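Visitor: For reference, the chains in residue letters:
Protein chains: 2
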Amino acid sequence: MEPSERVDYKYRVEVCFMPGQYPLYAPDMEIVVVIDILRATSAMVAAFEHGIDRIIPVATVEEARPYIGREGYIAAAERNGEVVEGFSYGNSPLAYLGQDLKGKTIVMTTTNGTRAINLAKDARMLVIGSFLNFTALSDWLVKQNDNILLLCSGWKDKFNLEDSMFAGAVMERLMASGKFGVEEDSSIAAKYMFMSGRDHYLGLLKAAPRRKRIEQLKLLHDVKYCLTPDQSRVIPVLRNDELVLLDTST
Amino acid sequence: MEPSERVDYKYRVEVCFMPGQYPLYAPDMEIVVVIDILRATSAMVAAFEHGIDRIIPVATVEEARPYIGREGYIAAAERNGEVVEGFSYGNSPLAYLGQDLKGKTIVMTTTNGTRAINLAKDARMLVIGSFLNFTALSDWLVKQNDNILLLCSGWKDKFNLEDSMFAGAVMERLMASGKFGVEEDSSIAAKYMFMSGRDHYLGLLKAAPRRKRIEQLKLLHDVKYCLTPDQSRVIPVLRNDELVLLDTST
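So the sequences go chain by chain: A and B. Numbering-wise (our numbering), the first sequence opens with residue 2 and increments by one. Numbering-wise (our numbering), the second sequence opens with residue 2 and increments by one.
Take these hints with a grain of salt, some might be off.
You can't tell identical chains apart in this list, so a pair holds if it fits in one copy or across any two.
Claimed, not checked - The calculated DSSO-like cross-link candidates involving lysine-lysine, where the alpha carbons are at most 30 Å apart (straight line), are:
(1) K180 x K122
(2) K157 x K219
(3) K11 x K122
(4) K180 x K219
(5) K11 x K105
(6) K157 x K225
(7) K105 x K122
(8) K159 x K122
Keep in mind the hints are simulated off the structure, nothing from the lab. Just so it is clear, the structure is predicted and the values come from calculations on it, not from any experiment.
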């Protein structure tokens with residue numbers, strides 16, 4: 002790109018690869034999109050799609066445990082990819098399908114996703130992203146007049162491929178509008194990753210070393226579901242430490 | 002890749018995107034390759050190529066300052082891309098060309114590269130990588146019977162594109178041997194980034210937001226030099242906290 006061809010942009014959209022890097026990226030960012038494709042943020046979108054009223058993300062298993070069996074509540078806890086002992090729900094989105102969730106509240110803790118939410122909860126606005134609500138989220142983001150940070154939850158503080166590729170997909174959509182630009186190398190890299198992998202998400206993740214873990218945990222149905230875009234138009238948003246439905250009509 | 006096609010490997014090669022992540026990646030790694038393409042590790046290779054005896058990497062400017070003007074020493078200090086006041090050398094490799102450096106010692110501190118070296122100095126073996134010695138380094142690495150960590154110095158604790166792409170280039174070479182495999186998503190991502198950008202490093206970095214910084218600092222000659230592969234066969238190695246030439250003949 003020659004200097005004369007440079008496109009001016011008004012707002013930034015950046016990608017932060019792991020929660021530990023969040024403090025370096027947070028300044029000047031107004032909207033934070035928390036991403037945990039496998040599987041917390043996918044499960045959150047699925048739960049709202051199926052009627053849940055609100056989700057309370059908590060950092061520890063101890064905070065979730067008192068809600069087991071309590072009227073009107075679903076207690077969900079996942080650590081290391083598995084449902085925590087004593088709980089009936091972990092972070093599988095499939096658990097919320099075909100249920101009547103209306104009027105109910107989920108109290109949820111997961112290895113990575115709810116940790117990332119907790120870390121970024123003081124952002125001016127925090128919303129939840131996943132392939133399930135990809136187009137709805139992107140359509141809404143592109144209308145905002147704010148700097149946007151796409152915060153990948155990663156895997157135990159490390160980089161992960163599915164969160165970063167999803168962030169790259171959102172980046173591409175927002176940059177195509179001409180309204181958003183980037184300053185960070187991580188954002189450019191996420192876009193390249195998405196462009197390399199866009200036609201074969203599942204193949205890419207199956208080829209990745211994590212494949213072994215996915216197979217061991219019998220997660221393949223979950224993974225396919227979590228990588229299928231646009232199953233929902235809902236956008237969960239954090240208000241007073243609870244996730245509720247964002248009203249996108251205003 | 003179907004299960005039946007899986008290739009068994011004996012050793013791992015992994016990519017760590019930034020120094021802050023090093024403790025998460027260090028376990029089980031025997032050889033650490035420190036990478037700071039723009040410009041510390043490129044300058045180190047250039048200095049050895051032009052005859053320097055040894056380089057002492059130090060963490061602070063204060064440690065380097067006493068060596069200014071001292072017989073037999075070159076004191077080099079860079080912060081934020083610029084030569085530190087009072088020093089004649091920063092981290093530009095071009096400063097070492099066309100000089101008689103035989104018998105001399107460089108004492109060097111830089112924003113990112115010497116910090117990464119310091120962090121990983123307790124690795125069983127620490128070597129220096131750059132495009133300048135890409136093939137020599139890869140040829141040597143592929144013969145080692147060890148786990149290898151490619152440690153990107155990044156930019157002030159953040160991800161950077163040039164270090165990660167170089168790591169991806171080395172990854173690709175090592176994985177092609179069939180002897181090395183990966184476990185980490187970051188390593189897969191680095192390889193994809195390199196594959197996307199392999200034919201236009203310079204264009205890619207010029208298009209990246211850092212372009213502005215590169216232009217401001219008048220670094221374009223440096224950048225072109227640092228991205229030109231295989232100008233040298235030397236491999237600097239850390240021994241007793243000093244970088245010396247690795248003897249690759251044994």
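Visitor: If a hint holds in the structure, say so; if it does not, say that too.
Guide: Status of each hint after checking the structure:
no. : hint        : in the structure
1   : K180 x K122 : within (26 Å within a copy, 45 Å between copies)
2   : K157 x K219 : within (20 Å within a copy, 40 Å between copies)
3   : K11 x K122  : within (25 Å within a copy, 43 Å between copies)
4   : K180 x K219 : between (42 Å within a copy, 29 Å between copies)
5   : K11 x K105  : neither (40 Å within a copy, 51 Å between copies)
6   : K157 x K225 : within (22 Å within a copy, 37 Å between copies)
7   : K105 x K122 : within (22 Å within a copy, 54 Å between copies)
8   : K159 x K122 : both (20 Å within a copy, 22 Å between copies)
Violated hint: 5 only; the structure is consistent with all others.
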